[in-house]
Amino acid sequence: MSLFFQILLDGLWSGLLYALISSGLSLIWGVLDVINFAHGEFLMVGMYVSFFLGFLFKMDPLISWVASGAFLFILGVLTYKLVIKRTLKMAMAPLLASFGLSMVLKNIAMNRFTPNFRILSGTIMEGKVISLGSVIIPVPNLVTAIFSLVILGILYWMLTKTRFGWAVQATAMDPEAAQLMGINTEHIFVLVFGLGGACVGIAGGLLPSYLATHPDVGTLFGLIAFIVVALGGFGSIPGALVAAILVGLIESFAGFYIAPVFKYIAVFGVYLVVILIRPKGIKGW
Amino acid sequence: MQKSEYQDCRQKKPRFIPWLALVLALALLPIIGIIKGNFLSHVLVMILLNASMAQAWNIIGGYAGQISFGHSVFFGIGAYGAAYAVTTLKITPYPGMIVGALIACVVALIIGYPTFRLKGHYFAIATFAIVEVFNRLFMIWDTVGGAIGLDYPILKDGWRNFTWSRTKVGYYYGALILFVLIFSIVRTMEHAKFGYYLKAIREGQETAESLGVNSRRYKLLAMALSAAMAAFCGAFFAQYNYRVDPSMVLSLDMSMKFVLITILGGIGTLWGPLLGAAILIPLQEYTRAYLARLGPGIDLIIFGIIIILMMEFQPRGLMGILENLRKPSHALVKRSNTNSVQNNRLKGHLGGKQ
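For the protein sequence lines, the chains are A and B, in the order given. Mapped onto our numbering, the consecutive letters of the first sequence carry residue numbers 10 to 294. Mapped onto our numbering, the consecutive letters of the second sequence carry residue numbers -9 to 344.
Be careful, since some hints might not be right.
Listed below are several chain A residues computed to face chain B (Cβ distance under 10 Å; list not exhaustive) [said to hold, decoys possible]:
1) ASP42
2) ALA118
3) MET119
4) ASN120
5) VAL199
6) VAL238
7) PRO288
Only pairs whose alpha carbons sit at most 25 Å apart, straight line, appear in this in silico BS3-like list of lysine-lysine [claimed, not checked]:
8) LYS109(B) - LYS189(B)
9) LYS189(B) - LYS247(B)
10) LYS80(B) - LYS189(B)
11) LYS292(A) - LYS109(B)
12) LYS109(B) - LYS289(A)
13) LYS170(A) - LYS272(A)
14) LYS67(A) - LYS146(B)
15) LYS183(B) - LYS80(B)
16) LYS109(B) - LYS94(A)
17) LYS272(A) - LYS289(A)
18) LYS98(A) - LYS146(B)
19) LYS67(A) - LYS170(A)
20) LYS189(B) - LYS98(A)
21) LYS80(B) - LYS98(A)
22) LYS247(B) - LYS109(B)
23) LYS98(A) - LYS272(A)
Since the hints were derived computationally from the structure, they do not count as laboratory data. Note that CB positions come from ideal geometry on N, CA and C, so glycine has one too.
Bound conformation, chain B alone (with noise of 0.2 Å):
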């Protein structure tokens, strides 16, 4: 019984083979012709794409457990960063990417520095207020356009550019490449040191720190990361979306994507961002096309109604229906006892009582 639980709790090792499986047949979906019609392509850019958002949000939100609602900063100056390359430079993307990338590490460092003093609903709203002073910041500054934002020139199909006009397949391996960059690291992350540091920072900073770990450098360290890698999604976005405005990139609403898709998906697990992407996603992008006669914004209703009823009845997401659902009930005596050490896992994810 003890052994068992014990090694309940110990985490497996990474599986190589599955991974890898599940990489090659994404890969192939295009060649084999899966991906047809635009609107398909579309919808699955975007699952990729949010998925590599979320993923990036849970390095510091599931993982670290820092719920920050400022990470449209990041992605907005990532997305800046590539957008100001192309239209203003006139050179390819990639430079802007990278330095966007690097502000963005340089950004989370300064504004974690000082936030993670503050606990609970007071960090919230410092993440909140500094997304509002970006996005005002941005809408005055002309170099990066102000409130008009930056407008893509056409320019020719291929990476070089990293625009394709006439199919998305362009953008699709570009998505990938983003998704399994991000995926990877926090794969790694997840049986590494680093991982295991911050979920101890996670389940009781003051107990993390007794045993050495240094919580500040390590929060900030994952601050950094994911602003990075939120950075390289704002990129995307904006050679996607063909152009920039502070209130498309910098504001709340893109702040809560990122914290809501790993949140349905499940926070704090490495599958969590891509169920969560791979299921909220078509749901939204099929109900804004087909409900469109019932009028402008039914398709955030329906996802309104969607968080709520989940924040109810399951705040570990969709990951944790699938937890549930696989568990036999011949582990009935033992629910009681997996439930609290679940529950308290979760109040370690969700801020805890402050």
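Chain A on its own, in the form it takes in the complex (with noise of 0.2 Å):
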């Protein structure tokens, strides 16, 4: 029975990590109607951040999610003033131009910075668990995890209880209604991409105290925050949560009780068997 726990709570951790990665994604896809292609990108240039932070300066990933947080927003006011912006006009345009840009920093990070795994180590949080009779919870991802439901919070709160959420929510309904009522759709576009980067800023943030990082990390990740979107349907944040978790759990479950080469066919199998009973996710409208 304890081992079931383990597992649910290993799903679990992964899951909220998911839903922190997949929050920035489905809030852009939601007001923009734009799958940003480079959103895994965009977690391994936080997470690059954070790793420099703490190799050079002895900066803890505790801290250093502030800062990856911060220039993660900045990378994606840019990204929408140079790129989205330039190719909203037509549909597929920004997610072929969003990839170019994938292409982009996955290949800078990688001339740079090297193909090697680099592992931070003398962290705070490394290697300490919780041990609760025979279960354990490493703190890392507990923290993580926590990280995860208080960002989902406030975003929730700030898109459903807020002028400016109401404002975000006019728009991704109808940007010409609300710019007839007086909201600058364009600060609320480049709001949101700033606000959708800074949240997978702060995820590229923390998880350098227990993950390595190396050029390639985002591209699953990102593949999975697709998958959590798409599964949660367009733009919601609740939808999202539950559908990351759901993709974690079944991660785990698939990855002990199958094999662990099977956790990712069941991850997207299951999506796939999801997207044809409710081909617009589980939350969508």
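Hey, can you piece these two chains together into the complex? The hints should help.
This is the structure we're talking about:
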């Protein structure tokens, strides 16, 4: 039984991490109807920021997540201004342009930082665990999960309870009508892209305390984020949370009860089955 | 005015002589000794292969307007078909190619039937997921070598084994056959009922259906045809590359190649794929060769920047640039009009806002 709980908790940790990573993508997709293909690479950039702050200035990921969040906010804004905004005319053009951006970011990392795996040692949370009977809870994963819940909560609160959030929702529903109501939709788009970047930047800032940084690290996370967002439904934050936890649980249970190599087959397979029954995701409308 | 507009919209009948001249010119290249260095012939083979791949994708992506990111699945099946025939069954690759293409057709129908219901980004992401599933399945499938893949043994040169080790001229002609096959099919299709049906579906599925076009059937047919062609390209790639493994042929990057070359060349046009391959492949190969001292990945950084710039300034690709050059500015009066026509066409191509 404790084994079952262990697997359940492991799935929960990865699920909450995926939720944090996907929240930014979900926000961007919901408001701009754009898939940012460079999302996984944003995560990679965030991890490098945090890694180098830790490596060069001995800053702990527990602090440097602020820096990488801020950095990715700026990168998000720049991406919108320089790439996305100019390609919005065509539905698939932003996706392909951001694929180009992902190639650029990944290969700059490859070129500058070599493909080596870099592990940050001597962090505060390194190797710390909490034992509850026979169930082990690794502290870094727990902290990331708490961050994820807090940030998703803030995002949800902001979108549903503040004037800014209402403006975002109005823009998502109908940009032209929102503009007529006096909302500066351009500002909303810029801020949404920045916030989307910041969310994934925070995830990237925390990750180096338990995951190696390398140029390709974002690819799989990016794909999982696409799956989570599509599974959760068009721009729905609660949908993304449910979908992310589902993905995390499928991953850990399939990995244990079937075979480790099957875990992503199971994740993508379940996604395909769900999307065929509900073409717009669990919470889609 | 009205009449010329009408003629403009109606497509010209395909002219046979220029097409024949192009094929003959390409066939003559090795004979008149232009292909000497192995690097140049490698680049030419890659151009023909990539043009064929892009054209195969163009059937479903360009003409039928279904932006699929899953073509590496078909490409991979074709590659594994040929490689399995050679490495495990120890026969010529041709039966493997044909069986691979047939399997790719069946897989395309199985994938297409449910996923064509999905719209826009949901369709795109579903095709990503399919690629990942196939990639992982081939990784653990021991019969085809798992993650290690299949390595070719040393074989005698010639058409029987579809292998040439000294010069690449044989491969060049192999690629030319592939190119002629796929381009002829699309060339004929463009002016056949089938092609018009696909374009009608792309421009407006509901309208096409209201006029009696069975959109699902034609989309599935286009997908199967496209998949079979992609599988042939994959088989050629396996023969040329002399080994296959899942991360090489069954990956998202490979899928993207199909999409990008077509879109950068000119989506939904007959010559776009060739133009895209003829300009981008040499650019990529030569930057890789000559800028290597700047470290790894420089060629891909440049390629990425080109994609971004192209999407920003001319999403209709190189064909769009050519068209703009050909249309002199005396059409100034009509410009706003034609632009809207072009933009509408483009919206159809790139999915439109869902």
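Quick check: which numbered hints come out false for this structure? 5, 10, 13, 14, 15, 18, 19, 21, 23
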